[in-house]
Amino acid sequence: MSASTHTGSRPASTRGPREVSRLSVVIAMVFLVALAVYFLLPVYWLVVNATKTQSDLVTSNGFWFADWALWDNLKGLFTRDDGVFIRWVLNSVLYAGIGAAVGTLLAAMAGFALAKYRFRGREAIFSVILGGVLVPATALALPLFLLFAKASQTDTIWAVFLPSIVSPFGVYLSRIFAASAVPDEIIEAARIDGATERRIFFGIAARLMAPALVTIFLFQFIAIWNNFLLPRVMLNDAKLYPLTYGLFYWQTQISRDPQLQTLVIVGSLVSVVPLIVVFLSLQRFWQAGLAAGSVK
Amino acid sequence: MSTPSATDAIETGSGDRTPARLETDPGKARQRRPWLWFLLPFLVPFVLFYLLPIGYAVYQSLFKIQRTGGLFGKSEQVFAGFAQYADVFADETFRQGVLRVLLFGIVQVPVMLGLALLTALLLDSAVARLKRFFRIAFFVPYGIPGVIAALMWAFLYSPQLSPIVSLLNDVGTAPDFLGSSLILWSMANVTTWTYTGYNMLIIFAALQALPQEIFEASRIDGAGGVRTAVSIKIPLVFPALVLTTVFSIIGTLQLFTEPVVFQTISTNVTSGYTPNMQAYAVAASNNYSFSAALSVVLAVATFILSFGFLRFTQRRGEAL
Chain A
0 MSASTHTGSR PASTRGPREV SRLSVVIAMV FLVALAVYFL LPVYWLVVNA
50 TKTQSDLVTS NGFWFADWAL WDNLKGLFTR DDGVFIRWVL NSVLYAGIGA
100 AVGTLLAAMA GFALAKYRFR GREAIFSVIL GGVLVPATAL ALPLFLLFAK
150 ASQTDTIWAV FLPSIVSPFG VYLSRIFAAS AVPDEIIEAA RIDGATERRI
200 FFGIAARLMA PALVTIFLFQ FIAIWNNFLL PRVMLNDAKL YPLTYGLFYW
250 QTQISRDPQL QTLVIVGSLV SVVPLIVVFL SLQRFWQAGL AAGSVK
Chain B
0 MSTPSATDAI ETGSGDRTPA RLETDPGKAR QRRPWLWFLL PFLVPFVLFY
50 LLPIGYAVYQ SLFKIQRTGG LFGKSEQVFA GFAQYADVFA DETFRQGVLR
100 VLLFGIVQVP VMLGLALLTA LLLDSAVARL KRFFRIAFFV PYGIPGVIAA
150 LMWAFLYSPQ LSPIVSLLND VGTAPDFLGS SLILWSMANV TTWTYTGYNM
200 LIIFAALQAL PQEIFEASRI DGAGGVRTAV SIKIPLVFPA LVLTTVFSII
250 GTLQLFTEPV VFQTISTNVT SGYTPNMQAY AVAASNNYSF SAALSVVLAV
300 ATFILSFGFL RFTQRRGEAL
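The listed protein sequences derive, respectively, from chains A and B. Per numbering that gives the first Met the number 0, the first sequence starts with residue 0, numbered consecutively. Per numbering that gives the first Met the number 0, the second sequence starts with residue 0, numbered consecutively.
With the rest of the complex left out, here is chain A (with noise of 0.2 Å):
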């Protein structure tokens, strides 16, 4: 990339101690520029395309619009299959929402056991956990695949959802988080009020871990959102497919049905929506969390 024009600041910037040159400004503007336009230039691409019919998307230029048929694709998404793409959503929603949810809820307390808790073998539990952030889930996906046809549960929503609500990282994040947010003496305090330990997680320790619950939550959320092995090797029938997946098996389709390559990129973009929208409008949450993650 253009990686090559920042150094040509340095002599400018460090010139002055605190005044910052203009030239340098300059400089590191153009760069960021260039790079919005290489990060958002994709997702306008598909903004636009999404608007057209399946011979302008051929035809016409493909950076700028032709005849608006935004809301033809749009019916044609949804009615599509008798609306298996509806179905799709709320598959991904109950995978990714309620996945990630009952593994944020799991993560957060043994994260706060390790943390707030001294037992034996504490340490070797959380080393195992922190192994378990090293295996990466896709060389879990065919083992996992073989042992659920023993139990002959594949093709099944569990098969996909319970490997999804095991999150290590999200252990390893919330035990440091436990450890500097919440301090001892709250819980000390709490006991000889005479809260139970439920209490004491529930009512103090979830809500002062808060930020990095909800950073667990999203960053589960959107693994299994994006999980693409998972469901390729568990399952089979398209009523069971989560959002992400249903999309590429239209895409595998589309040499057979040519219709379906506007469906693809309408679906994208519905698909993509929602998921900016909660990243960015919880974005101060997740950096805080993120910032405690990285840093120790």
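Hints listed in this document are in silico derivations from the structure and should not be mistaken for laboratory results. Glycine included, C-beta positions come from ideal geometry on N, C-alpha and C. Errors might be hidden in some of the hints.
[Said to hold, decoys possible] Covered stretches of chain A (chain B as the covering partner; in silico rule of three or more C-beta atoms under 8 Å from a C-beta of chain B): (1) 29 to 38; (2) 96 to 110; (3) 126 to 133; (4) 138 to 148.
[As the list claims (entries may be wrong)] Computed far set for chain B versus chain A, every beta-carbon distance over 12 Å: (5) V77; (6) A82; (7) F88; (8) Q211.
Given the coordinates of chain A, work out where chain B should sit on it, guided by the hints.
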């Protein structure tokens, strides 16, 4: 998910006692290990869906499918020890796949993290304007699922649909993004596009968490922006760089989504293009034990690489 017995014990029994420390001391035996009830809900699925599959894969990989009575005879699994592993390492497709992802990683990971570090430092410095906008703009791709990112870029690479290709055609040279020589780098572009912003944010978050007093001192000493970045900021956010590198290494070795999507539009992606794709293809043809051996080798290689990197950087940190 704490049990009633555990909670009752505290409410009725030890309410008036003052537990001096958080440790579970023998005097509070009636509390029945509260930590266990916090830990178990995670540990049970962790064991079932993490440790057990790993163990099962290792077990499976020690067997081999043998056909008795010729091609149409029935096949059965027999114990084969490490024979599968010898087969994996001797397998030409596997070796090529490994070399391919290594080549991919050696180029893509430094480019991506270099870009992430550079942008994070810029957005943390005084020279950049509109910082909030850029932070969001760079991060947007991460919110786009890998499959959809790959689909989008697939359209942008496609000779028929892409405005970029037609633009380049007008200029005179249109590289074949999906040709055999470029397609790997076309995929590298997709992963760089997707994850640069994410890595930037991790580094940026670490930068923002640094205490401001440090910079006062360097400013008084007359250090400029670049100087401060190189000799103060980068060493201090080193842990964040290590973290992002480890995750990138893991991601690279697991390369799967992008090549699978590209397979739908280009014949240059074979079914064994990356080790992960090969493991999937082999499993799809019902050779589970070979697939298990592949998965195990891949997981161990990932583990060694990322763990080795962690160790390596830790030792460097001590030497400093």
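Hint check:
no.	hint	verdict
1	29 to 38	holds (count 6)
2	96 to 110	holds (count 5)
3	126 to 133	holds (count 5)
4	138 to 148	holds (count 8)
5	V77	17 Å, holds
6	A82	19 Å, holds
7	F88	17 Å, holds
8	Q211	14 Å, holds
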